[in-house]
Structure formats: structure tokens, C-alpha cells
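Asker: As given, the protein sequences belong to chains A, B and C, one line each in that order.
Going by my numbering, the residue at position 237 of the first sequence is 237; the numbering climbs one at a time, nothing skipped.
Going by my numbering, the residue at position 21 of the second sequence is 21; the numbering climbs one at a time, nothing skipped.
Going by my numbering, the residue at position 85 of the third sequence is 85; the numbering climbs one at a time, nothing skipped.
Since the hints were made in silico from the structure, they are not lab data.
Think of the CB as a built atom: it goes at the ideal place given N, C-alpha and C, for glycine as much as any other residue.
Hints are not guaranteed to be accurate.
[As the list claims (entries may be wrong)] FRET-style restraints, in silico, Cβ to Cβ:
#	chain 1	residue 1	chain 2	residue 2	range
1	C	T359	A	N257	32 to 42 Å
2	C	P57	A	E193	44 to 54 Å
3	B	A50	C	G26	54 to 64 Å
4	B	E49	A	P26	23 to 33 Å
5	A	R263	B	E49	16 to 26 Å
6	C	V325	A	R371	50 to 60 Å
7	B	T31	A	D180	22 to 32 Å
8	C	G29	B	E49	27 to 37 Å
9	A	R261	C	G322	55 to 65 Å
10	A	I178	C	P411	52 to 62 Å
11	C	G94	B	E49	34 to 44 Å
12	A	Q190	C	D417	22 to 32 Å
13	A	M102	C	P57	17 to 27 Å
14	B	A68	A	P84	29 to 39 Å
[As the list claims (entries may be wrong)] One side only, chain C facing chain A, incomplete, derived with CB under 10 Å:
#	residue
15	W55
16	G81
17	P85
18	G86
19	L329
20	L360
21	V366
22	S383
23	R385
24	G388
25	G389
26	N405
27	P407
28	P411
29	Q412
30	V416
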Amino acid sequence: MTTTQLSPTDLFAQVMRYDNRADPYPCYALMRERPVARMENGTWLVSGYHEIAQLLHDPRISADRLNPQAPEPALRSLLVQDPPRHDRLRRLVTGEFIPRIMGMRDHIAELVDQLLDAHTGSGPGQLDVVTDLAYPLPVTVICELLGVPREDEPVFGALSRRLTLALDPVDSPTEEQIRDAQQARDQLLQYLEGLIQQRRAEPGDDLLSALMASGDDEGPMGPVDLRVTLVLLLIAGHETTVNLIANGTLALLRDPNVLARLRSDPDLATPLVEEVLRYDPPVQMSGRSTLADIDIAGTTIPKGSRLRIMLAAGNRDPRRFPDPDRFVPDRADNAHLGFGGGIHYCVGAALARAEAQLALTALANRLTAPRLVADPPPYRRNAALRGPEHLLVAYDRLTNR
Amino acid sequence: MTKQSPPDTLRLVVDLNRCQNYGQCVYAAPTVFRFHGEESLEYDYAPGEAARREVERAAAACPVQAIALGAANEPSPLSAGSDR
Amino acid sequence: MRADRTVVVGASLAGLRAAEALRDEGFTGELTLIGDEPHEPYDRPPLSKAVLSGWLPADHTTLPRLRDIDAHWLLGTAATGLDVPGRQVVLADGRRIRYDRLLIATGTRARPWPEQAGGGLRGVHVLRGREDAERLRAALLAGPHRVLVIGAGFTGGEVASSCRDLGLAVTVTQRGAAPLASALGGVVGRAAADWYRDAGVDLRLNTTVRTLEGDSHGRLRRAVLSDGSTVEAEVAVVATGAVANTGWLAGSGLAVDDHGVTCDATCRVLTPDGAVVPEVFAAGDIARWPHPRYPGQLLRLDHWDNAVRQARTAAHNMAHGGHRVHQPLPAFWSNQFGVNCKSVGLPAIADQVVITQGTLAQRRFVAAYGRDGRLVAAVAVNSPRVLGGYAALIEAGAPFPPVLNAPDGPPQPTAVDAEFPRRSTAATAAATAATAATAATATAQRRPVMTAHP
Numbered sequence: 001m002t003t004t005q006l007s008p009t010d011l012f013a014q015v016m017r018y019d020n021r022a023d024p025y026p027c028y029a030l031m032r033e034r035p036v037a038r039m040e041n042g043t044w045l046v047s048g049y050h051e052i053a054q055l056l057h058d059p060r061i062s063a064d065r066l067n068p069q070a071p072e073p074a075l076r077s078l079l080v081q082d083p084p085r086h087d088r089l090r091r092l093v094t095g096e097f098i099p100r101i102m103g104m105r106d107h108i109a110e111l112v113d114q115l116l117d118a119h120t121g122s123g124p125g126q127l128d129v130v131t132d133l134a135y136p137l138p139v140t141v142i143c144e145l146l147g148v149p150r151e152d153e154p155v156f157g158a159l160s161r162r163l164t165l166a167l168d169p170v171d172s173p174t175e176e177q178i179r180d181a182q183q184a185r186d187q188l189l190q191y192l193e194g195l196i197q198q199r200r201a202e203p204g205d206d207l208l209s210a211l212m213a214s215g216d217d218e219g220p221m222g223p224v225d226l227r228v229t230l231v232l233l234l235i236a237g238h239e240t241t242v243n244l245i246a247n248g249t250l251a252l253l254r255d256p257n258v259l260a261r262l263r264s265d266p267d268l269a270t271p272l273v274e275e276v277l278r279y280d281p282p283v284q285m286s287g288r289s290t291l292a293d294i295d296i297a298g299t300t301i302p303k304g305s306r307l308r309i310m311l312a313a314g315n316r317d318p319r320r321f322p323d324p325d326r327f328v329p330d331r332a333d334n335a336h337l338g339f340g341g342g343i344h345y346c347v348g349a350a351l352a353r354a355e356a357q358l359a360l361t362a363l364a365n366r367l368t369a370p371r372l373v374a375d376p377p378p379y380r381r382n383a384a385l386r387g388p389e390h391l392l393v394a395y396d397r398l399t400n401r
Numbered sequence: 001m002t003k004q005s006p007p008d009t010l011r012l013v014v015d016l017n018r019c020q021n022y023g024q025c026v027y028a029a030p031t032v033f034r035f036h037g038e039e040s041l042e043y044d045y046a047p048g049e050a051a052r053r054e055v056e057r058a059a060a061a062c063p064v065q066a067i068a069l070g071a072a073n074e075p076s077p078l079s080a081g082s083d084r
Numbered sequence: 001m002r003a004d005r006t007v008v009v010g011a012s013l014a015g016l017r018a019a020e021a022l023r024d025e026g027f028t029g030e031l032t033l034i035g036d037e038p039h040e041p042y043d044r045p046p047l048s049k050a051v052l053s054g055w056l057p058a059d060h061t062t063l064p065r066l067r068d069i070d071a072h073w074l075l076g077t078a079a080t081g082l083d084v085p086g087r088q089v090v091l092a093d094g095r096r097i098r099y100d101r102l103l104i105a106t107g108t109r110a111r112p113w114p115e116q117a118g119g120g121l122r123g124v125h126v127l128r129g130r131e132d133a134e135r136l137r138a139a140l141l142a143g144p145h146r147v148l149v150i151g152a153g154f155t156g157g158e159v160a161s162s163c164r165d166l167g168l169a170v171t172v173t174q175r176g177a178a179p180l181a182s183a184l185g186g187v188v189g190r191a192a193a194d195w196y197r198d199a200g201v202d203l204r205l206n207t208t209v210r211t212l213e214g215d216s217h218g219r220l221r222r223a224v225l226s227d228g229s230t231v232e233a234e235v236a237v238v239a240t241g242a243v244a245n246t247g248w249l250a251g252s253g254l255a256v257d258d259h260g261v262t263c264d265a266t267c268r269v270l271t272p273d274g275a276v277v278p279e280v281f282a283a284g285d286i287a288r289w290p291h292p293r294y295p296g297q298l299l300r301l302d303h304w305d306n307a308v309r310q311a312r313t314a315a316h317n318m319a320h321g322g323h324r325v326h327q328p329l330p331a332f333w334s335n336q337f338g339v340n341c342k343s344v345g346l347p348a349i350a351d352q353v354v355i356t357q358g359t360l361a362q363r364r365f366v367a368a369y370g371r372d373g374r375l376v377a378a379v380a381v382n383s384p385r386v387l388g389g390y391a392a393l394i395e396a397g398a399p400f401p402p403v404l405n406a407p408d409g410p411p412q413p414t415a416v417d418a419e420f421p422r423r424s425t426a427a428t429a430a431a432t433a434a435t436a437a438t439a440a441t442a443t444a445q446r447r448p449v450m451t452a453h454p
């Protein structure tokens, strides 16, 4: 095995550097040479598949304590909560969310087609897959689900983006960054407050009304939990699936064989989306902390340490995935970390999968001779929620459905 | 993949030791998988060819890859035939 | 590798997976599978749950073939004898099947209720095979006024749970002080007693059935219990354990008894004096072997996971003459009363237990088991997503009680006596307790049986 001259601190800095946004994977490969390594600031990088999988299932891990990005405890969504509060909130949310998404496939397919129909024509053209499809699709779906007016989207879409920037793992966010994130959060909560008041007066059959009415033997979902859950669902609907669809489009258009195979076999979309989640996951990393000393990979992470769980690095670990840097659309035994693992496994995974499968199938089927205008495309700032800012695709023809 | 299999030969089994009840199979193929209680998975080992697409989605979505698909049978006959 | 004749006796989970693994390992010779049931290999765990409750038809439990194995199938054909020197399996119809390599995977059967105590009455059931499940299902559909379940082990609990799902009145008798006590100890067992009672089961602890009584037509009518009371019931399910299907091996010269077939850690079967029979292997519920993690005893695991993994190890060694050691971390699950219960390690060898996450009362907890200051097992109830962390700790030989500080753990985790019944340092005594006591099951015994190393 080669050894690198770069320290864990340097390697993480390289991953965070915007210059490396389009391809952080060589940095991850160097990182994996020491799958568990301490940075100078005391935070530990975890980049090996098996080490990540073990820690995500370890009872000595917290998503709550020591999380510098987390707001004050009362305002934490289930993403940054520990059991038992996390478990209860998650049960309440999934109890309402999941039944609503299970029958949505046909509707999502219709939305995909509608978004593409806007560009149907006889001749060559260009599509920005991000702004024309990958972004509006999940946003429309989450707005419909929640019962949030689609025309308000520019307002909370911008707020969502400002909040997301603050989610990137910066050691010492500047006061300005902290202030801006707080402002965005407050404005989003304020916006939601109006919706909640409106639903209180006039409940609908939407997810928002259902969450307001939800409860268990401990009582109804609390008002704060309701609000942070709504913020979480909105952000997740805005900032993650967009990257899954865009990253999947990149994989399709970078390899003509992959595109051809998807065209000839629409069922390939199922494993293909799993491979996107492995090969180029929308959520690249996640934060945790240790509640006790943990012996792992020949070292001891002391109690009270912060962890950077490098999901995208684990997904390319050759100890787990044969030929990990190759995109294999029908890869077998693909137990990737794209949606995390353990008790915090992505609540919206099923929805994201359906959206990505249908969007990628439609792109493959309806675009004639699609090609990337710029490769790599311009990327968004975020290193953690990573994906293209725009993804221009030129084509000879966009056919009718 | 077993797409060339004759009709109604879809069979599956879930390694319930590996299963952590993420529920992705229930969401992908609700006619084949179900929860009985909060964390107990039940499923149909022989759901029929009509469910194949849903079952393949369920198997692909399993975060711990605990669902194994296979065929019902192989060409050799089930028999008490003579020893060779 | 030699292209020769391999015979697998036992066409259930272990037999099928072994046959597939043999082909995976490159075995190209003649392969014969012999099974006494007329069915293709099927899975047993759902029989006491989804099949009994009616959600899943019994014939929808057939196991998938994970690959083509190009085998001769002799189904509905019991093996009745084994000629080790002549390398032949003797079938019930008198045929003899020659082998160069043999895998014994005939598993276990439910311990029947004694004839002299009413075992021959109509309405008395066991639950092991598909026909058992179909018969019991039909009996439950007939609407008995009460079902008696004898034994509150895993199968007993699953059957009682399914009966309650069907709205049937259920009485469960249990020899020990709590359900599951011999498998999981009294601390977790007492929590399980609440699952029974909250589901409306009439649970009779420290109680055995003295005899079953029928009417003049030979139909079960009531049970007389050890406390002298009677329970009126038209259906009884005997869930008092399993015995190994070793009858066909009598006189074979192999080390066999009701507890199983003794083999070494590489799945090779032994003679009573401990000599290896190099061409005869065993896997699954029937195999007893010295697990390197648990020295000084023989282990037999009626676990689904063990059947699959031991089949693979045996197949590897059969195909290559290899010496791969079978040393899995034991693992099993049970679903009953809406509770998912998963275990890693060997709870039954523990002397202490500590609740590390959740609470017993909430039916969402993890119990960690320790012995001599080491973590040896963990049982997760409705908490399947954290168990992997405990498995890693057990394999690493972590100290007990473990320092976890889990956010949903008690403020002061306190290790207490795990309360396993009739614990004895003599391994033979433990084996006696295991077979005589309660936890054994029809679909999977899920309790290790330990016996002294010969």
C-alpha cells in the first residue's frame, strides 16, 4: 500500500476545497489508507466501509452531542437527535410520510413527463437537467405532499439553500455564517408558522395537517418538533434528491454503454440508482460524536470525540466493493452507504429512489443523442450535500412521451 | 437476473438475521412484504411473476442486501427415480 | 478436484444451501439430495407465524434456488440406514445409494407428547413441518374454545401469538419461572411474560402438563396440570423441544445420539472414540461441534443462520478437502406478540445481564449478557438497527459490563444475575437441562445445546 504525505487534516481540507468538488474521490482514496484517523483539531475521520458501517450501528455514537452545526437542543430535527426522542419523532413522521409516498410512482412519472414536455420540440436543444428537472421534481413532490403552495417556492427555496450552506462541516463558522443560518432558519420557521395557523383553522388531507394531528400514547407531536420536522422535510426535499438525479445523469452521459443499456432495459433503473448512490452519493459525509472510548481499526477514539463519517469514501472502499471506481449499473450486493445506515437511515429514501429511477428513465428514453455541454459541470459550494449547480445537456431532439 | 425464467417461478428469501427492518422492501413491494407489529417483517416466498418488478426493486433497495431472489425450480425432475 | 459422487441426506435449508455451495465451490461430480418430505426445500420459520395466522399459504414457503445445482432429487424418500465402510446410504425402499462424500443434514424433529399421557389424542399437535402447520391451521380455523400451548419457548410464544391474532383463547404452560428463561434468562423472560399477558394469554408459569385427556372419540378435551387444575382445550400444541433425526444412523459406527451427530470444527463427523471419518460431514440443526470460541464443550445450534453457514463451511471442506473451521457468531431472531427479538452471541452461557438501551417495560431495549467479565451476547428487542454494534463488541472480546453511555440507556446501568434456570458448571448437566426444559421449538430451537466434549 502506498503511503501519502498528506496528513488527515490536509486530506480533509482537500476534500473541502472547492477546486476538488467535481472529483473528491482521489482524496477519499488517500484518506482510506488510514480508515480511522485523527485530525489536528481533534475530529476523527472515518473513511473505511466496514468502520463506517460499524460505527453507524454502534450504541456509543451520538448524532446530537457536540455537533457544532446543530442548533440549540430544542430546535433539533430528528437528524441530529438521539434516542429515545429521535425514535419517537421518527415513528410519528414515518407513520404519516411513508403511506403517502407508497402509491406515488405513477404521479411522479407524470410530473417528470410534464417537466420534460415543456421542452418538447422537433429540433436540437439544451436542457439544464438541474433547474429543468432534478430540482423542480422533488420540490414539487415535497410541496404537494406537505401542502405547501408551489408559488411560495422561491421564498423558501432560497431560505433552504442558505440553511444548507450552514450545514457544511466547517470547524469554526464565522459569526456572519452563523447569523445568516439563524436568520434563514427563523424566516423559514416564520413562513411555516403562517401555514400552520392556516391548517389549524382549516385542516386538509396533506402531510402538514396529518403531522399536526399525529401523536402516540405520549401525546401529540410537540409544536417545536413539528416545526423542525417540517424544516427538515423541506430541506431534504430541496437539497438531496436534486443531486441524486444530477449525479445519475452524469453517470448516464459519461458512459454511452450505460445509457444504451438503460434504454433497452427500463428495469435497469432500479440497480442503476443504487449504483449512483454508491458511486456518487448526494450526501457525502455525516457528523457524529462518541459517548465512550471506542476501539476500532487498531486505534482508540476517545469518548467525547467528534467524528466525520465519510460515506462517499466508504462507498469506494475496495475492501467491500470489487472494482469500486467503476460505475457498474447492475452491481450485485450493493449495500452502499448512500442513505447512511443504522437508526438515522434516510427517512425519504423510498421517495428519492422513485424520483431518481423515473427521472433517469425518462431522460434516457426521451432525449436523442444527449451529451454533456461541460464536463465536469459547475458544482455547488457544498462539500457535504454535493452536486452540480447546473448540468447542461445538449440533444438532437426531445421526443414526445 | 432471472428474466428468462418461466412464468411463476419467482422465489425469494430474506435473511432475517441480517435484516434490520429498514422497511424499504415494504415500501417497494407492499403486496409481498409487510410489517407485523412495529419491527417484525413477514413476506411471501412465492409472490408470483406479476410481482417481479416490485420484488426486484425491493431487493435492490434493501440497505443490508438481505433479500435473495432465485428460481422456483431447476429442470431436473423431482422424483423418486432410480439411482444411477 | 475429483469428479465423484456426493450425497446430501436432508433436503431442507442446510441440505439445499450445501448443495448450492458445493457447485459454487466447483464440485462437478454427481450430486444427490435425499429428503423424507415430499416437498422441495422450504423455510420453516414462517410456519409458526405468517402461515399459522393465515397471511401466508403453507406452500408459499418454498426456498428459492440460488443457482442450478444439477442434482438427483430423491424426495419423499427417507434414509433408513448408513453403511460407513461400504459408503452407502440405505433408503426406506431398500435401495442403496453409493457416495464418495456424504453430508448429514437431517435436522431435528419436534419432541412428541408421550402416548401414555394423551399424545395419541386428536387435537394434539406439534409444529415442525409444512403438514404440521397445515393441520394446526385447520384445527385453529375450526374455532376451538381454547388452545393449550405446552412450553413458552420461542415456538410456543410464536404459536400463542398467532392464536391470539386469530382471536382464540390461549393457555400456555411453562415449566420454568418465565417464558424464554432457558434461552434468554429470567430478567428478559419476565419482560416476555408481560408480552404474553398483555396479549391476553393465560400464562401458567412453574407449571407442567401432567396429562392430556380426551373424550370417548379420542378427541382432546382437557389437560391436567401439575398444580392439579384442569384446562379445557380442544387443541394442544406441544412445543417442548426438538430431538435430532439420528435414528437412521443407529449402528453406523458414528458418534450419534438424540442430541445430534458429533463432528469436528471442520464439519467432519467423528466416531465415538473421536476418530475422524474423512468422507462424512454434518451441518445444520443436527451437528454438534467444538466451536473455538466456546472451548470445552460441543455446541448445537438450531439456528437458521447456522444452518446456512455451516452448510457453506461443510461444502467448502467437502469440495476441496479443506480445513476451514466453522466458528460463526451465533445469531437468531423471533417475532412474537408484535415484538421483534434478535440475538447475537450465546446468552445462555452468561451469568450476568445488563439493560444498556431502552427499558423492559417499553418493549424496546437491548440486554447485554456477560460471563467472567466479558460480553458474550446481546438481545435486542424491537431494536434491530443497533445489534451490529454489539456483535462487533462481542467479537472483539469487550469487557462486561460494557461502557456504552448510550443516550437511551439507563443513567446507572446495573448488571444483575441473568437468572438462567438450573445453571451448573457441569456441561452435561446443562445439556440435560436444555433438553428437559422448555425453550426448544418446532421451527427452530434457537437455544444452544451444550454437551461435554467426549
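Asker: All hints, please: hold or fail.
Answerer: Hint-by-hint comparison with the structure:
1. Taken as a hint, the range 32 to 42 Å is violated for the pair T359/C and N257/A, whose Cβ atoms sit roughly 55 Å apart.
2. Between P57/C and E193/A the Cβ separation comes to about 52 Å, which falls inside the hinted range of 44 to 54 Å.
3. Taken as a hint, the range 54 to 64 Å is violated for the pair A50/B and G26/C, whose Cβ atoms sit roughly 37 Å apart.
4. At about 45 Å, the CB distance of E49/B to P26/A disagrees with the hint of 23 to 33 Å.
5. As the Cβ distance of R263/A to E49/B is approximately 24 Å, the hint placing it in 16 to 26 Å holds.
6. Range check, V325/C to R371/A: about 55 Å between beta-carbon atoms, so the 50 to 60 Å window is met.
7. Evaluation of the 22 to 32 Å hint for T31/B and D180/A yields a failure: the beta carbon distance comes to about 48 Å.
8. For G29/C and E49/B, the hinted distance range of 27 to 37 Å is satisfied, since their beta carbons lie about 34 Å from each other.
9. At roughly 39 Å, the beta carbons of R261/A and G322/C sit outside the given window of 55 to 65 Å.
10. Our hint of 52 to 62 Å for I178/A and P411/C is violated, since their Cβ atoms are close to 33 Å apart.
11. Against the hinted window of 34 to 44 Å, the Cβ-Cβ separation of G94/C and E49/B comes to about 41 Å, which satisfies the hint.
12. Look at Q190/A against D417/C: about 56 Å separates their beta carbons, and that is not inside 22 to 32 Å.
13. One distance hint, 17 to 27 Å for the beta-carbon pair M102/A and P57/C, holds here, with the actual separation near 24 Å.
14. A C-beta distance of roughly 34 Å is found between A68/B and P84/A, which places it inside the suggested range of 29 to 39 Å.
15. Residue-level restraint check for W55/C is violated (minimum Cβ-Cβ distance to chain A is 19 Å; threshold 10 Å).
16. For G81/C, the interface hint is violated, the least distance from its beta-carbon to any beta-carbon of chain A being 42 Å, above 10 Å.
17. Violation of the interface hint for P85/C is found here, the shortest Cβ-Cβ separation to chain A being roughly 44 Å, above the 10 Å cut-off.
18. The interface hint given for G86/C is violated, since its Cβ lies 43 Å from the closest Cβ of chain A, which is over the 10 Å cut-off.
19. For the restraint placing L329/C at the interface with chain A, the shortest Cβ-Cβ distance is roughly 14 Å, beyond the 10 Å limit, so the hint is violated.
20. Given the 10 Å rule on beta carbons, the hint for L360/C is violated: about 14 Å separates it from the nearest Cβ of chain A.
21. Interface restraint check for V366/C: the shortest CB-CB distance to chain A comes to about 7 Å, inside 10 Å, so the restraint holds.
22. For S383/C, the shortest C-beta to C-beta distance to chain A is roughly 9 Å, which falls under 10 Å, so the interface hint holds.
23. Given hint, R385/C at the interface with chain A, holds; its Cβ is 5 Å from that chain's nearest Cβ, closer than 10 Å.
24. Restraint check, G388/C versus chain A: the minimum CB separation of about 4 Å is within 10 Å; hint holds.
25. The beta carbon of G389/C comes within 4 Å of a beta carbon in chain A, closer than 10 Å, and the hint placing it at the interface holds.
26. The interface hint given for N405/C is met, as the beta carbon of that residue sits about 4 Å from the closest beta carbon of chain A, less than 10 Å.
27. For P407/C, the interface hint holds, the least distance from its beta-carbon to any beta-carbon of chain A being 4 Å, beneath 10 Å.
28. Below 10 Å, beta-carbon pairs count as interface contacts, and P411/C has none with chain A, the closest being about 13 Å; its hint is therefore violated.
29. With 10 Å as the threshold, the beta carbon of Q412/C stays out of range of chain A, its nearest partner Cβ sitting at about 15 Å, so the hint is violated.
30. Taken as an interface hint, V416/C does not check out: its beta carbon lies about 19 Å from the nearest beta carbon of chain A, beyond 10 Å.
Checked against the numbered hints above, the structure breaks hints 1, 3, 4, 7, 9, 10, 12, 15, 16, 17, 18, 19, 20, 28, 29 and 30 and satisfies the rest.
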